[in-house]
Amino acid sequence: MTALQSIFENAGREVAVYGFPDYDHSFLGSTVRAMLMDKLGDAKAIHPTFSAALFALERSEKARQIRADLAAGKLVICDRYVYSNVAHQACRLPAAEQLEFQKWVEHLEFETLGMPRADATVLLEVDEAEAERRRISRSEQAQGARPLDAYESDTAGLATARTIYSQLAQRLGWLNVEAFGGPPEEITARVLRALSPVLTP
1 MTALQSIFEN AGREVAVYGF PDYDHSFLGS TVRAMLMDKL GDAKAIHPTF
51 SAALFALERS EKARQIRADL AAGKLVICDR YVYSNVAHQA CRLPAAEQLE
101 FQKWVEHLEF ETLGMPRADA TVLLEVDEAE AERRRISRSE QAQGARPLDA
151 YESDTAGLAT ARTIYSQLAQ RLGWLNVEAF GGPPEEITAR VLRALSPVLT
201 P
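Numbering (the UniProt record's numbering), first residue to last: 1 to 201.
If you're looking for bench data, these hints aren't it; they were derived computationally from the structure. Glycine included, every Cβ here is placed at the ideal spot set by N, Cα and C. Hints should not be assumed to be uniformly reliable.
As the list claims (entries may be wrong) - So the derived label-pair ranges between C-beta atoms look like this: (1) Glu106 - Ala129: 30 to 40 Å; (2) Ala118 - Ala3: 14 to 24 Å; (3) Ala156 - Val17: 27 to 37 Å; (4) Val126 - Gly173: 17 to 27 Å; (5) Thr163 - Ala194: 19 to 29 Å; (6) Gly12 - His47: 41 to 51 Å; (7) Ala156 - Glu14: 19 to 29 Å; (8) His47 - Leu195: 34 to 44 Å.
Stated by the list, open to error - In silico DSS-like cross-links for lysine-lysine, where the CA-CA straight-line distance does not exceed 27 Å: (9) Lys39 - Lys62; (10) Lys103 - Lys44; (11) Lys62 - Lys103; (12) Lys74 - Lys62.
Make the full structure from the sequences, and use the hints.
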């Protein structure tokens, strides 16, 4: 996100960047981390309704500030947002229940908790080998070296989440960007080209 932020700020835009979950700076961040590290029991055994609610509540801590940023005319960029919750929780449900679960999460986050709806969502597509490399890299860099968490190590769940992301992108009209096979500068340029029709001056 740093590259996009710099480009927009150099173009004269005020930018606010958020990453979810915010493990270090939100009230519930440490609780989310404890759940993912199986410190509250087997994370994959917790029903998605309850784990999704925890992720949603953690995100909602920033709702007021995001709305204030938007009201001030800032460009708000979020690394993971509501539909990350949908994909990574619905992957543990039968396919027949996933659409209804999506609607439940949407109501919880947008209606009950007041999260703003995104004007555009970019799905960064990577192949499985690159996705694995990046998971390991994040694990090594996040808050010092740590093992992969319960979701990151669940390869079957991640494969299902990938499918759900693709379905969401098609159903909701997201912007799909190939985020591998080139240097970071080229990937950033691809994102900017995808966003250009929806960005206002």
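A quick look at each hint next to the structure:
Between Glu106 and Ala129 the Cβ separation comes to about 32 Å, which falls inside the hinted range of 30 to 40 Å. For Ala118 paired with Ala3, a C-beta distance near 19 Å keeps the hint of 14 to 24 Å intact. The hinted range of 27 to 37 Å is satisfied by Ala156 and Val17, whose Cβ atoms lie roughly 32 Å apart. The hinted range of 17 to 27 Å is satisfied by Val126 and Gly173, whose Cβ atoms lie roughly 21 Å apart.
About 21 Å separates the C-beta atoms of Thr163 and Ala194, a value consistent with the hinted range of 19 to 29 Å. Taking 41 to 51 Å as the suggested C-beta distance range, the pair Gly12 and His47 conforms, at roughly 47 Å. Checked against the given bound of 19 to 29 Å, the beta carbons of Ala156 and Glu14, roughly 42 Å apart, lie outside it. A hinted range of 34 to 44 Å holds for the C-beta pair His47 and Leu195, which are about 36 Å apart.
A hinted pair counts as satisfied when its Cα atoms are at most 27 Å apart, and Lys39 with Lys62 qualifies at roughly 25 Å. Between Lys103 and Lys44 the alpha-carbon distance is near 21 Å, which keeps this suggested pair within the 27 Å criterion. Between Lys62 and Lys103, the direct Cα distance comes to roughly 22 Å. Compliance with the 27 Å bound is thereby established for this hinted pair. Distance restraint check for Lys74 and Lys62: the Cα-Cα separation of roughly 15 Å lies within the 27 Å cut-off, and the hinted pair is therefore satisfied.
When held up to the earlier numbered hints, the structure conflicts with hint 7 and nothing else.
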